[in-house]
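Between the sequences and the hints, there should be enough to build the whole structure, so can you do that?
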Amino acid sequence: MNNFLQVIIDIASNPALLVALIAILGLVLQKKNISDIVKGGVKTFVGFIVLTTGADAVVKALEPFGGMFQEAFNMQGVVPNNEAIVAVALNDYGTTTAIIMLLGMVFNILIARLTKFKYIFLTGHHTLYMAAMIAVILAVVGFDTWQLLILGGLTLGIIMTISPAIVQPFMRQLTGKDQIALGHFSAATYALSGWIGSKVGNKEKSTEDIKFPKGLGFLRDSTVSIALTMAVIYIIVALFAGGAYVTENFSGGVNHVMYAAQQAGTFAAGVFVILAGVRLILAEIVPAFKGISQKLVPNAKPALDCPIVFTYAPNAVLIGFFASFVGGLVSMIVMAFTGGVIILPGVVPHFFVGATAGVIGNASGGIRGSVIGSFVNGIAISFLPVFLLPVLGDLGFAGTTFSDADFALSGLFLGTLGSSGGKIAVIIGIAAVLIAMFAATFMSKDKKQAA
Amino acid sequence: MLRIGTACGSGLGSSFMVQMNIEQILNELGVDQSQVEVEHYDMGSVSPDSADVWFVAADLAEAASHLGDVRILNSIIDMDELKEKVTALAEEKGLI
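Sequence order for the protein chains is A and B. Counted the way the numbering used here counts, the first sequence spans residues 819 to 1269. Counted the way the numbering used here counts, the second sequence spans residues 592 to 687.
If you are wondering where the hints come from, they were derived from the structure by calculation, not from laboratory data. Hints are all accurate, no fakes.
Here are some of the chain A residues that sit facing chain B, going by a computed Cβ distance under 10 Å: (1) L940; (2) G942; (3) Q997; (4) I998; (5) D1039; (6) C1124.
Calculated cross-link-like contacts (lysine-lysine; reagent style DSSO-like; alpha-carbon spacing at most 27 Å): (7) A:K1108 with A:K861; (8) A:K936 with B:K674; (9) A:K857 with A:K1113; (10) A:K1113 with A:K849; (11) A:K995 with A:K1113; (12) A:K1029 with A:K1017; (13) A:K934 with A:K1113; (14) A:K1263 with A:K995; (15) A:K1108 with A:K857; (16) A:K1113 with A:K850; (17) A:K1108 with B:K674; (18) B:K674 with A:K849; (19) A:K1021 with A:K995; (20) A:K849 with A:K1108; (21) A:K995 with A:K1108; (22) A:K1108 with B:K676; (23) A:K995 with B:K674; (24) A:K936 with A:K1263; (25) B:K674 with A:K1113; (26) A:K995 with B:K676; (27) A:K850 with B:K674; (28) A:K850 with A:K1108.
Even for Gly, the Cβ is constructed at its ideal location relative to N, Cα and C.
Laid out in structure tokens, this is it:
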């Protein structure tokens, strides 16, 4: 009996096996044949190992960065990149993350079914990343095993349902329909951008009326843009830290600029591998989630990844990126003067989040809305992580962090409650949000009945 | 076997979604599953021989022009447009 229990524990402690089992569960529930179930299970299992392989490369590439930055500028430098911080988190929280992700999807379906917030969050990689963050923060607050998993899953389910709801008014404006929602964890800055556009913008002057140069398409290739920007950042830091410091402490004699370029390339390579791994993991899990949720909550709106809005305003995509990036640069300079932590502009968040903010800002306020909305978004996603770092425990010193607004805001909510009132405060906080969602549902039902 | 590929910037969200939608449409059309394979890729790692036909969003049209037979989607969330284009493809290749 003990041996059997030990086997169960061993399986449960192996995240790769766990996600494979989740995928198999999803395939079985969809009544797939044996060959599909085996193929899906194995693919998912291998996918997780691919992910951890990429994670190791990213962690290795980032190790010297903190020390070099401190030596160069006497401050803690952080480059926000979701894949990188999740890589670090999965080292210690792999299993917890996998289970929270599974429970999060279950609660998403339950909440969508029982409340008026009928959104099913289908952007799997964001679900995975948010699960990792919640795992870390709740562990730091002091929860363990069962409480951690159930509370974590519930929190994730709530966030998965609320985030699309916040942006939906602006999605309706953009798409002209109410059938598709946005599933990308920076809803706060998207709604902000849309609101700013509606206040200061002019819808008539759209970004799409401008003629744009074609040569900037390479920015859509994440691997290239990450490698280039990390190389610039890393080399500048290496130059300021000084050749001697780098060769003595990190590169074992190799020229510091070469070393920096190599580390930047390793970082980009690692992210590429992580994404390949994530793709494999989600390949079976997301369709299963989509299929099951369609059966259980048929009138729910799918909340999809941010590029779905890019075709509505391709120019706004680039304008949004640049404006957000400039916002990031300005924030960085301000932080340089205040000292302490400095958030360097992460090209991936400024691209995807900035672009989306740009498109939504254009829909509500034309060029002005797009530019100002994404600029403010850029500032927000630079400053918010600063407040998130302290609640991440050891993860706050990883040289990278979660990059999108909803991560920072949710993390701050949980972490601040935790540090001011401990576990009870967190439980009360989450319960309060859930009660509010049900209350909102009952109130709108009453209105409908009264009418 | 007809290989259909979808591609997007990160190879995760939108290309995956288009893949799932194409698979759903092929199912609805009654296409034999063993005759078609649909996969998603990221723009950085695609090569023309990864698939026979590509479905790509309009804003990536330039970047995807080297892939051969590319069907451009004006909106990656418009199921009607996708259904029209997938049906046309299926008829072309004699799958329905």
